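J.: Below, each chain spelled out in residue letters.
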Amino acid sequence: MTESRGAAVRYENVQKSYDGETLVVKNLNLDIPPGEFLTMLGPSGSGKTTCLMMLAGFEPATHGEIFLNDSPINNVPPHKRGIGMVFQNYALFPHMSVAENLAFPLQVRGMGKAEQEEKVKRALDMVELGGFGSRRPAQLSGGQQQRVAVARALVFDPELVLMDEPLGALDKQLREQMQYEIKHIHENIGVSIVYVTHDQTEALTMSDRVAVFNDGVIQQLSTPDELYENPQNSFVAQFIGENNKLSGTVTEVSGTDCKVRLDDGTELAAEAVNIEGVGSRTTISLRPERVEFDTDQSMDNLVKGSIEEMIYLGDHIRVRMNVAGNTEFIVKVRNRGQRRDLRTGQTVEIGWAASDCKALDAVA
Amino acid sequence: MTTTDTVSAAAPPADPPPQPLTTRDGIPLKVSLMRALRREKMRAMLLIAPLLLFILLTFAAPIADMLFRSVENGIVSNTLPRTVEALADWDETSGEAPGEPVFAALHADLLIATEKKTHTRLGSRLNYEASGMSSLFRKTGRRAGRMDEAEPFKAQFIDIDDKWGEIDTWQVLKTFSPPLTSGYFLNAVDMELTPGGIEMKPESERVYLFLFARTLFLSLTIMGCCLLLGYPVAYLLAALPARTSNLLMILVLLPFWTSLLVRTSAWKVLLQQQGVINDFLVWTGIVSDAGRLVMINNQTGTIIAMTHILLPFMILPLYSVMKTISPSYVRAAKSLGATDWTAFWRVYFPQTVPGIGAGSILVFILSIGYYITPELVGGTSGIFISNRIAYHISSSLNWGLAAALGVLLLAAVLLLFYVYDKIVGIDNVKLG
Ligand SMILES: Nc1ncnc2c1ncn2[C@@H]1O[C@H](COP(=O)(O)OP(=O)(O)OP(=O)(O)O)[C@@H](O)[C@H]1O
Ligand SMILES: [Mg+2]
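In the order they appear, the protein sequences are chains A and B. Residue numbering for the first sequence follows the numbering used here, starting at 1 and increasing by one per position. Residue numbering for the second sequence follows the numbering used here, starting at 1 and increasing by one per position.
Just a few of them, taken from the derived set where beta-carbon distance is under 8 Å, the chain B residues facing chain A:
id, residue
1, S326
2, S328
3, R331
4, K334
5, L336
6, A338
7, V347
FYI, nobody ran anything at the bench for these hints, they're computed from the structure. This one's a predicted model, so the numbers in the text were calculated from it and none came from an experiment. Beta carbons: idealized from backbone N, C-alpha and C, even for Gly.
Same shape as in the complex, but just chain B (with noise of 0.2 Å):
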């Protein structure tokens, strides 16, 4: 307060024809609404502020933790801090491995890293670079306290595994020594941090930027069929008398009231080969029994299970835009000479615009971070790319990876967000 106090009071106004307002006591006036409104707010956020911290702690904490796992490195230089010090001075160019003294400290990490049992940890980091470090690692550690310390260290290193020789090995461990590591992300899109620079996988390998695609490509997808479906049921919502639209308004959230398995389930039994669908279409001839549909574990299975799943996020807001648009608009329209599709398309739907955005955003955002429905119906070609990150995290538990590619996620909708903001106006959005 008393900083804004001096500046302003320090700087009177020089030039006299635009006399800054003051208040009765000479204050500026704007200085003097400043504090005012400062007051307000502080109280405001005093109000608030034990909500805050809960989601500090909770919430944003949790996030930034995660999304600093994707660039975390700190396990290498932790568990062999001699060793990293000691390769600083080896040239990975030379063509050689390292000298006597590398190998020297390599063991006296090792013994404090197997009371420690902290070498395997580093083994399996270190194997998401290269394969058999983990077993490599575990090996060593196992004979590392019988080593003879009068003897040279290399040799015997050498011996429990020819890989010590080799300088691959130690090209990793030297390229994966900085605390901090831009390799999970480069993994993330395809790409490989290797001696020689940063390159694309080999085309076998590459997985992920493909899944990003299709992640979007599906998201939009499903966003777009539930606009399609959930317009018109959104409008009659909207248009119906009260007790129609009640029963309605209970059938659009009655999905809410079962199990998201159930309905998911549902969808398997309905759409399988030997499903509902299937043989009703059979039945009546239109496809032969050979050659039954294939609509689930596919793409289709993800998009039409997503859909029905969604629809709800799409119709409510779409709804409470369309509840506040007053029936007197399309009539002024049709009594101003438009016909029923001129008075719905230049008067009604604008309208609708900021429920549209909101829904779309609601459903695209909800759908591109899904995963057990594209895991249950979605087969191998239905599946997102937070299946992949589920799968690091509670499988291969590369959470490194997973944060890399849950950041890549929000950066996309981030992005996107931007997109829609430049082209729409996030103000134009209206969630209820």
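Chain A with its partners taken away, still in its complex shape (with noise of 0.2 Å):
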């Protein structure tokens, strides 16, 4: 079962308003592929939901059209969508077993008794709940019902899973093996999946692509990698990973390169992939394991700053800085055996590549 067999997925133009003031949704143009895991990451409030309900089918869209399999399905009810669902608060029918709750997109499908059995037990085993069938919801922790709320997506055979925030309601161990698990799941029938979330860990570690949301844009729409390593704006950079940001001017742009006058005076260099030409303000990004203790004189950057505070968390070492005029400045030496010589109050030279530090958009 490795072959895709998942849907493809084109949002056109879509908007979407709740009380005709405000859109909630502003131009949303996205295109999944058959098959893709596709997580919709962003801060609370930012229209993710919204839109995973207009493609489930219970919001209509205010402007625009939803594609599936390149059929418009903006009039389609959400029961003949055919697409699987898992709720944040699982939604698993109380007053039914498990076994039932399986069943029941069978029924309502009227498939046979055999087949819906047969069916119900290859799922409840991909969840290994194999005997679980006959309990309630409520007889089963927050993760069984999680997997069994999964299983209850996918046991119909659906070609696209929408996810809304299912992991939310687990404490941080759980949740960080069922996200391998529903990984796996992925993997092994090929689904197309749309997950949402608001955990950027989990939106790293699960996905094929990772759609940023912010104020019902999306910011970037990139592999995990990408969105780490590349971020096209300083909203992405602040929101992926942690990030050191630093205020100032554009001097001078050359290619991909450009120099960046802080406002402390400090001259930077650094990789230029928002920036609106010399004289703009922008924010540099830096990521704060790529900032280096160990300098020397090649380094495109090399600045002094002062150590505030330090933190020793076993692999790595939390290392709160000054460093032009920016106190919340964070570098992490990673833990390698040999202590290093630092000391609160003291005034070191750190260094970092030009192709480590984005000139972004300027943050006010």
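Mind docking these for me? Both chains are given alone in their own frames, and the hints should help you get the complex.
T.: As structure tokens, then:
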């Protein structure tokens, strides 16, 4: 079952407003190829659930068209779309046993009893809940309920499964375990999955591609590594992973390289990603783990800073520094065994490559 | 406390394998746990003790007293103790009135009774069983003091009223002389205690069984009507956005703010033959002027008015249950391929069953004991058993019969509860 049997989804110029005054989704264009695991990631209220509900058919699009396998579905009622869905609170029917829950989508499709049982059993085995068929949902733990919900959304072999923060209610450890389980199920079955979360780690570990939402707009749509390595704007840089911000003005641009003068006068070499040209304001984004204490003169950027605070975290040490007037400048030092001679209050030189610091749009 | 201790301590684990768990100081865990819980319980009991006492005194005690009245029959043996004793030797199948000793005892009893004026009460009580007893006792009471103690009493009594010579009179006295009686209950189910045993009353005198049946039937009908009308309203209340649903909720509660009498009278205005609805139907030509519908002072009137009055009691429990049903269940059902109807019937409706149970029980119990509305709009064909109870309490003053009817009503409700519990399960009821 490794060949893809997923559905293709396309949003075309989709807009959505609930009250006729504000647009919750502003001109969404999104193309999801068959079999992809796409995650919608974004802060609360950014319109992720709304996008998912429009796809599932529970909210009408105010404008634009959504296509499922190239046919428009705006006027198809939810029960005819054949889309599996996992809800945040699981929405397992409390008055039915686990097996009845799983058999429900098969019953409404008029499937024969024997085939139903066969499929229910297979779905339960898939999520490793073989012996739990006769239990009520209330008699299961959170993680088990979650797996039943996933099994129910998959049991009728949909081509597309939507999941709206399905792991939100679980504790960290269980959440991580479930992330891998869902990922494996996706790999084995090959359905398309549209997954909503506001947990960036979850998005990065599970997805083929991530759509970062903010304010009803997709800020960036890329693979997880792209998203982390090459954020297209300050919001994405800020939202994904940890990030140091340095504000300044562009003084020189040559191709993808540029020079930026920070507000305290420091000159930095950076990669021009999202700037308007010489003289414009910019925010430099720099990942904490790309900053080195072992500087050498060949480095593109060498800056002095004072150590404000050090936190020992086992595999690495977090050093909070004051660099170019930014007192929240974080450096992560990998713990290599030999204790570095760093002390609070010390002024040291740090350095990084120009390609690691991106000149992005200015934030206020 | 000590008893449990010694019992458990005296029974150490005989067979080694299933060692019962003990606490550190060797007390079995179960005992220790029970002790801890009991302390909690005692404290809780103390907290509610005043309320418990209040309820016992003001609620349980009057009910118990009322229930007792349905079998209590001390009046004959209290008023005529010597007569009752003397009557014990009399054989009622002999076909003859009792002999002189009984009459002498009766005379002695009556002398005391007339002084305390209790003989009229005894008369009215026995009048329930045989007519004429009331006047017999009043008449005899007036002249008991003037009897000649030297002469035989029997002749003097028969002289006052021939009834004293009749065997029926004495049979009634003897039948109702024990301090407890089943007479009220038999009466309440249209039976009577005759000297020959328990029999159904003559066809023409039977009323209560039929009234019970009608009460049950009408209550069930009203319950059904409330459910049919209340379910969609409760659904709207739960589904509409807060502002609209608050307004609707006020409308639902509005009837509570007007007097019951006003509401019932309003139905009289609407439903009577010269009333608004009939006028409208005649005006539109749906019914002819001669064929105006009779909708009040009969069962229809009772059903309509009671459904209106009890509707909120159905809507509120339903609403409180529906409010807790997340809309994501229906959405989930639809996303799994269910049509709107299937989603409602297979997923939404079963989850509202606790609300339906609660609302139905509430409406049913309220309506089975209702009497104001049936009294006002029910005419003769729409009255309930409670109207008869009210009548016996306040007009005929036959409290024993009223109590017996009440007990039967209570028993019927408990029986229905039991049946409901067997079918649906009582823990499947959610009152809010
Ligand atoms: N039924 C509704 N009626 C009116 N406004 C709504 C409705 N549902 C959502 N909104 C608004 O639309 C915006 C986007 O909501 P949405 O639920 O899509 O956010 P989200 O990205 O899923 O957030 P979260 O991560 O908190 O779930 C929010 O501002 C919200 O207030
Ligand atoms: Mg959401």
